[in-house]
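Could you put the whole structure together from the sequences, leaning on the hints where they help?
Numbering (numbering that gives the first Met the number 0), first residue to last: 0 to 428.
Treat the hints as calculated values from the structure; they're not laboratory data. Treat the hints loosely; a few may be bogus.
Calculated lysine-lysine pairs in the BS3-like style (CA-CA distance at most 27 Å, straight line) [claimed, not checked]:
{"hint": "1", "residue 1": "K385", "residue 2": "K372"}
{"hint": "2", "residue 1": "K385", "residue 2": "K395"}
{"hint": "3", "residue 1": "K377", "residue 2": "K365"}
{"hint": "4", "residue 1": "K155", "residue 2": "K82"}
{"hint": "5", "residue 1": "K181", "residue 2": "K365"}
{"hint": "6", "residue 1": "K82", "residue 2": "K93"}
{"hint": "7", "residue 1": "K210", "residue 2": "K181"}
{"hint": "8", "residue 1": "K207", "residue 2": "K181"}
{"hint": "9", "residue 1": "K316", "residue 2": "K367"}
{"hint": "10", "residue 1": "K127", "residue 2": "K289"}
{"hint": "11", "residue 1": "K137", "residue 2": "K155"}
{"hint": "12", "residue 1": "K47", "residue 2": "K93"}
{"hint": "13", "residue 1": "K137", "residue 2": "K127"}
{"hint": "14", "residue 1": "K367", "residue 2": "K385"}
{"hint": "15", "residue 1": "K316", "residue 2": "K385"}
{"hint": "16", "residue 1": "K395", "residue 2": "K371"}
{"hint": "17", "residue 1": "K191", "residue 2": "K137"}
{"hint": "18", "residue 1": "K93", "residue 2": "K175"}
{"hint": "19", "residue 1": "K395", "residue 2": "K365"}
{"hint": "20", "residue 1": "K155", "residue 2": "K207"}
{"hint": "21", "residue 1": "K289", "residue 2": "K371"}
{"hint": "22", "residue 1": "K140", "residue 2": "K47"}
{"hint": "23", "residue 1": "K140", "residue 2": "K93"}
{"hint": "24", "residue 1": "K395", "residue 2": "K372"}
{"hint": "25", "residue 1": "K191", "residue 2": "K93"}
{"hint": "26", "residue 1": "K316", "residue 2": "K371"}
{"hint": "27", "residue 1": "K372", "residue 2": "K289"}
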Amino acid sequence: MVKAVVGANWGDEGKGKITDMLARQADIIIRFQGGANAGHTIVNDYGKFALHTLPSGVFYGHTTSVIGNGVALNIPVLMNEIKSITDRDVPMPKILVSDRAQIVMPYHILLDQYEEERLGGKSFGSTKSGIAPFYSDKYAKIGFQVSELFEEELLKEKVVRVCEQKNVMLEHMYHKPLIDPKELLATLHEYKEMISPFVCDVSLFLHKAMKEGKTILLEGQLGTLKDTDHGIYPMVTSSSTLAAYGAIGAGIPPYEIREIITVCKAYSSAVGAGAFVSEIFGEEADELRKRGGDGGEYGATTGRPRRMGWFDCVASKYGCRLQGTTDVAFTVLDVLGYLDEIPICVGYEIDGEVTTDFPVASKLSKAKPVLKKFPGWKCEIRGIRKYEDLPENCRKYIEFIEGQIGYPITMVSNGPGRNDIIYRNSSLK
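Written out as structure tokens, the structure reads:
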């Protein structure tokens, strides 16, 4: 059985917690796309962790954590991340890295920084982790695949060829120091030593695991609205954030993905630039940001304050549809307990007409939110384990949103901890 855990919106929906929770009954957890440019925050018996490359199931001794071929693999970052959890008494997890994964190179990170500098006020709000240059090289067929680290003659030739190309850009476009092929080759030798114990034919490993009836979780990074094709282009990431891409990014048949758990926040938040129709500002946003998440709404990787907004039914319905949602996990509901009334964005007004269908990005800049207000429940809901024990106004809020998006909310998260979860008509328990 293969299940995917993915985001409905801009990312930061709480996928890490849901993956960590479902990993209790899983054998294998796979990161299938993205890189160390975003993070998943996990709160468990070991403490609070921000993961960037490792899958969110690494805290269980019975699981195998897999870095799939679709991931932008920053090898030193992965090594540091493994050390950061084992230094805090987490047992060394079982980790496999696909031999077909490609490597984020030091020059990818530099080129990312240089391009954001060059663009100035028109930048994409990159985390400067090298992700866009990495995927550019992957599709231009000049990236370094993990398997190539073990082919010395190929590596020597390729290093020279790649440096020639990159140095033209560094000299004439960015006016920055050039890359020395010998130094780059030495770096790749270091990477080989670091990653060697983990390298595996992941697709074959998963094929055997599925034949044995293992439970496999695909863990996505970011959310639908950051997908390269279906998101708010060009303010998107450089890989597909959809569950469908899990089949490609892990190397499994698409028909094996049976359940798609799409994670939605009970309000909206986003890191980085781009259209955000239900966004709020000033004191209203500051208060929600301060109360949000576990210790406030700040990026797990960047520490940047997240942009805040009310729940967006238009974006979430679209996000769930593109993911192929079977179950919605509704997170951070407990945060909203301080509000007398809670607005929900139920439509977009564009050029005088109201739509409930999410448009292309170029039209979003003209969209104004159509808000419907609901009475708040004005109490603490952490600790509640049964849906019927939630305050009536809280249940009405959930059920209205469920009706608007058209997908079943089967899990409600009412706190940061692993056990702060309410199952509602769910087979995922």
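Quiz prompt | Hints breached by this structure | solution = 3, 4, 5, 7, 8, 14, 18, 19, 20, 22, 23
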